[in-house]
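Chemist: Sequence lines, in order, name chains A and B. Numbers 1 to 456, taken from the working numbering, label the letters of the first sequence in order. Numbers 1 to 454, taken from the working numbering, label the letters of the second sequence in order.
Fair warning: there could be bad hints in the mix.
[Stated by the list, open to error] Simulated restraints, written as ranges between beta carbons of each label pair:
id	chain 1	residue 1	chain 2	residue 2	range
1	B	Tyr97	A	Ser117	25 to 33 Å
2	A	Val78	B	Glu109	30 to 38 Å
3	A	Val78	B	Glu306	52 to 60 Å
4	A	Lys231	B	Glu92	30 to 38 Å
5	A	Asp334	B	Tyr97	44 to 52 Å
6	B	Pro185	A	Lys8	44 to 52 Å
7	A	Ala131	B	Glu269	54 to 62 Å
8	B	Glu109	A	Lys280	29 to 37 Å
9	A	Lys189	B	Asn441	46 to 54 Å
10	A	Gly113	B	Glu109	26 to 34 Å
[Unchecked claim] Listed next, the in silico DSS-like pairs over lysine-lysine satisfying Cα-Cα at most 25 Å (straight line):
id	chain 1	residue 1	chain 2	residue 2
11	B	Lys318	B	Lys297
12	A	Lys235	A	Lys169
13	B	Lys140	B	Lys253
14	A	Lys160	A	Lys226
15	B	Lys10	A	Lys128
16	B	Lys140	B	Lys186
17	B	Lys297	B	Lys253
18	A	Lys62	B	Lys255
19	B	Lys209	A	Lys8
20	B	Lys16	B	Lys337
21	B	Lys337	B	Lys318
22	A	Lys314	A	Lys256
23	A	Lys9	B	Lys113
24	B	Lys253	B	Lys16
25	B	Lys386	B	Lys16
26	B	Lys386	A	Lys62
27	A	Lys257	A	Lys9
28	B	Lys113	A	Lys394
29	B	Lys415	A	Lys349
30	B	Lys113	A	Lys11
31	A	Lys11	B	Lys93
32	A	Lys315	A	Lys442
33	A	Lys314	A	Lys394
34	B	Lys135	B	Lys227
35	B	Lys209	B	Lys291
36	B	Lys386	B	Lys360
37	A	Lys380	B	Lys385
38	A	Lys128	A	Lys189
39	A	Lys231	A	Lys122
40	B	Lys415	A	Lys62
Don't read these hints as lab results, they were simulated from the structure. By construction, the Cβ of each residue, glycine as well, lies at the ideal position given by its N, Cα and C atoms.
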Amino acid sequence: MLLRHTDKKVKERNALTINPAKTCQPVGAMYASLGIHGCMPHSHGSQGCCAYHRSALTRHYKEPVMAGTSSFTEGSSVFGGQSNLLQAIDNIFNVYDPDVIAIHTTCLSETIGDDVSQITQKAIDDGKVPAGKHVIQASTPSYVGSHVTGFANMCASIAKYFPEVSELKLDQVNVLPGWVEPSDMREIKRMLLAMQIPYVLFPDTSGVLDAPQTGSHMFFPKGGTKIPDLKRCGKSIFTFALGKFCSELAALELMKKCSVPFEVLDIPIGIKATDRFMMKLSEVTGTSIPQMLEDERGQLVDIVTDMQQYLYGKKVALYGDPDTIIPLCEFLVDIGMKPVHIVSGTPGKYFEQRMKELVPGANFRNGPQADMYLMHQWIKNEPVDLIIGNTYGKYISRDENIPFVRLGFPIYDRIGHSYFPVVGYKGGMRLLEKILSVIMDKMDADAPEEKFELVM
Amino acid sequence: MSSNVLIERKNQVWIKSESINELTCDKQSVAGSVSQRACVFCGSRVVLYPVADALHIVHGPIGCASFTWDIRGSLSSGPELHRVSFSTDLREKDVIYGGERKLESALSELIPKYQPNAVFVYATCITGIIGDDIKAVCKKITNIFNIPVIPVHSEGFKGTKKDGYKAACSALAQLVGTGDITAIPKLSINILGEFNLAGEAWMIEEYYKKMGIEVVSILTGDGRVEKIKKSHGASLNVVQCSGSLSYLAEMMKEKYGIPFIRVSYFGIEDMSQSLYDVADFFADYPEVRLKAEEVVKTEINLILPEIQKYRSALSGKKAAVYVGGAFKAFSLIKALKLIGMSVVVAGSQTGNQKDYEQLKMLCDPGCVILDDSNPLELSEYVIQKKADLFIGGVKERPIAFKLGIGFCDHNHERKIALAGYEGMINFFKEVYSSVLSPVWNFMPCRNGELKEIV
């Protein structure tokens, strides 16, 4: 019993988070930066932040993750981090030669009041930024929002910096995929290709954090959204912002700067959310949905039909990032399952609003004290048949003997998320396979001999 | 890429029989270099983490707590309170108005509920900057609940990971000397700097027990507050892993007159030496030495045939070693020599001048020695020196694999015991299975030269 300390009785806490269902902004900013081709993320703060974020991403992807740090000392904390950052920019361009440096701040540099945009301007004025190279920056104090906020802030900075303002419109759309896996970004691109819609997708970590083994270590892998693509996204006819928490800010920036209209949609997880994405794509571009995607949808619905007896009425506890949980919750309801406990560490009223619509009877909470401890307490009070969330659910799963599907960030103890998507109809099929496998494995394991069946 | 070594770092790279300059170390990392180092908080957190019946609360924004939640495989034989993550999760308004009250209220809620034997309160960058008086809060709470509530001054920016070790040692020093030592025999030691990864501390303790030595406290593997409190009753401190707890050993020497010796439990030679050194310290009890010899003889006889097997398979292969503390590198070099492997790249995140002098003597001509290195340098030298194996931690693993060479984790994330005699065989087995894995047959580079990096 690893979580023997969990008390069944739920008591309001106000100063304390136990076993968090979130982490801090900079790691999200780092992940988003890695979705630009040839980009070096840079952490403006103490060395530890950068080391932790790199380790977290490395554990999640089993890939090398490169990022620089301003390596704050006590001196820089008193006198400001300007000289560290200037030196860092100079060193990074000289040695690592990236196309872009994407600076994010930390609680330390924010609190001492470093003005990163002014420092960046100084670096440009001093000639430390070579011609054709770029430095972008996002403010990501750890004490505001969560890792999701950091991701959104960096996406917004990308959207603010690169797109060129132009009267000319190109026959293309922008897709902001939100915080999903490289596999999901790849899948969205496959769907766009199937519909023959020209697009710019950013950030795009496919080809960066799922890089193949080639016998050499590419410091900047071949994936990521290329600068010319980012520049031309101001000329797109429309922006699809997938996930309100992750993508709305960037879409707003694009509209402000380049007047690209946008709509916020859910990340296409499950049947309905994918339908909405497809329909909107079709509406905006005038393209029809190809038979191939129609067939995939049919296959997904077919699986649900075939397996409904194993899905219907099963209670589910899920936790993680709001943009993922919202469509996932909808999907679970659509396939006859019953989400009963939902937790997200990321604050924001929109989450509550959507949960009220989707699962009015469930326990749900987000923001402060919405942590894994609370989730465990809820489960103790009302047991569930399935847990869905990141690796940190494994303690509850083990202690309470509940089937567990890993989804979200971080996943430190299984592979697959980098390569197999959960978005789109194909992703829906994979989700179903995972859900059904763990539920049916448990049925097999628990069945008394006479009821142990060959055909299920 | 023009030059793979930052100009500012050229004195932190040294090549045996080639370099004429001295190796520079103990330096702040160069800003903008992709250093593999962490911060002060990280140093404190890893050292204190294994104290299993203490409550560990991180006073800061959520990241510092979430990234150090259950990150070490430091096993506990009983309580598991250390594996639960507690944080004050500071928000913007706390940064403006101060977080002391939040900390106080969190502690007042937690202590009655979990009844810990002690509490460690970790300071982070932000609490250092906003000037929260953690010490005062701890004192107040100590008086209310009558258990030690200890501030850990681990503000991230205050130095390197090494300074975090010091902060952790200062925190431990507040417990040392507060317990009853009347029942402790003369033949007794503490083991410092052993974290019980994969149960290693239990193996080591067993060897000493067989010699008739009582282990009063292991700091901090499978740690218990009560044991730490009475650790000043031991006759000798045995310090493993040079970096982390030497500072506490020095403090205990000064305050309680307890001498200390430095040992390594990794590798046959060093493991045996660490038993003999303890036996020699208790020279007035000759039977201890005899028992130590017996332990060594029995254990070595058990593993010798196995070693021969690995030697014939691995002899002539080359290794690169990049670890946290330099002391670990010494042991690794010696252990690899035992199976005929040479070390072509050796380095550490936190070694000091003395460490590097010893490292220089130990390694073969041509060996590259690196202080506070980065992925680019490491890749470059690993390829240049044609290493077959990389020994390092979490951030180095995927680089090694991308380069198409074997890897052995010698850090927090190892799942198998590598210390002691049994650990030696585990280590060779791991090296063997990684270096000779059939997957390398699929590497493009194996057909000819290792490819240059782009």
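Chemist: Are the hints correct? Go through all of them and say.
Modeler: Hints versus structure:
1. Tyr97/B / Ser117/A: 25 to 33 Å: holds (27 Å)
2. Val78/A / Glu109/B: 30 to 38 Å: holds (34 Å)
3. Val78/A / Glu306/B: 52 to 60 Å: Taking Cβ atoms as reference, Val78/A and Glu306/B lie about 56 Å apart, which means the hint holds.
4. Lys231/A / Glu92/B: 30 to 38 Å: holds (34 Å)
5. Asp334/A / Tyr97/B: 44 to 52 Å: holds (45 Å)
6. Pro185/B / Lys8/A: 44 to 52 Å: holds (45 Å)
7. Ala131/A / Glu269/B: 54 to 62 Å: Since the Cβ atoms of Ala131/A and Glu269/B sit about 57 Å apart, the hinted range of 54 to 62 Å holds.
8. Glu109/B / Lys280/A: 29 to 37 Å: Since Glu109/B and Lys280/A have Cβ atoms about 47 Å apart, the given range 29 to 37 Å is violated.
9. Lys189/A / Asn441/B: 46 to 54 Å: violated (33 Å)
10. Gly113/A / Glu109/B: 26 to 34 Å: Taking Cβ atoms as reference, Gly113/A and Glu109/B lie about 33 Å apart, which means the hint holds.
11. Lys318/B / Lys297/B: Given pair Lys318/B, Lys297/B is violated - Cα atoms ~29 Å apart, limit 25 Å.
12. Lys235/A / Lys169/A: Roughly 5 Å between the alpha carbons, so the hint for Lys235/A and Lys169/A holds.
13. Lys140/B / Lys253/B: violated (30 Å)
14. Lys160/A / Lys226/A: holds (16 Å)
15. Lys10/B / Lys128/A: Status holds; Cα separation ~21 Å.
16. Lys140/B / Lys186/B: Not OK: Lys140/B and Lys186/B at ~38 Å, beyond 25 Å, violated.
17. Lys297/B / Lys253/B: violated (32 Å)
18. Lys62/A / Lys255/B: Violated, at about 46 Å.
19. Lys209/B / Lys8/A: Outside the cut-off at roughly 42 Å; violated.
20. Lys16/B / Lys337/B: holds (17 Å)
21. Lys337/B / Lys318/B: holds (10 Å)
22. Lys314/A / Lys256/A: Status violated; Cα separation ~45 Å.
23. Lys9/A / Lys113/B: holds (12 Å)
24. Lys253/B / Lys16/B: violated (36 Å)
25. Lys386/B / Lys16/B: holds (16 Å)
26. Lys386/B / Lys62/A: Between Lys386/B and Lys62/A the Cα gap is close to 23 Å, so the pair holds against 25 Å.
27. Lys257/A / Lys9/A: Violated, at about 51 Å.
28. Lys113/B / Lys394/A: holds (24 Å)
29. Lys415/B / Lys349/A: violated (42 Å)
30. Lys113/B / Lys11/A: holds (12 Å)
31. Lys11/A / Lys93/B: Within the cut-off at roughly 23 Å; holds.
32. Lys315/A / Lys442/A: Between Lys315/A and Lys442/A the Cα gap is close to 15 Å, so the pair holds against 25 Å.
33. Lys314/A / Lys394/A: Distance ~19 Å between Lys314/A and Lys394/A Cα, so the pair holds.
34. Lys135/B / Lys227/B: holds (24 Å)
35. Lys209/B / Lys291/B: holds (10 Å)
36. Lys386/B / Lys360/B: Within the cut-off at roughly 20 Å; holds.
37. Lys380/A / Lys385/B: violated (56 Å)
38. Lys128/A / Lys189/A: violated (36 Å)
39. Lys231/A / Lys122/A: With a Cα-Cα distance of about 23 Å, the restraint between Lys231/A and Lys122/A holds, given a limit of 25 Å.
40. Lys415/B / Lys62/A: holds (17 Å)
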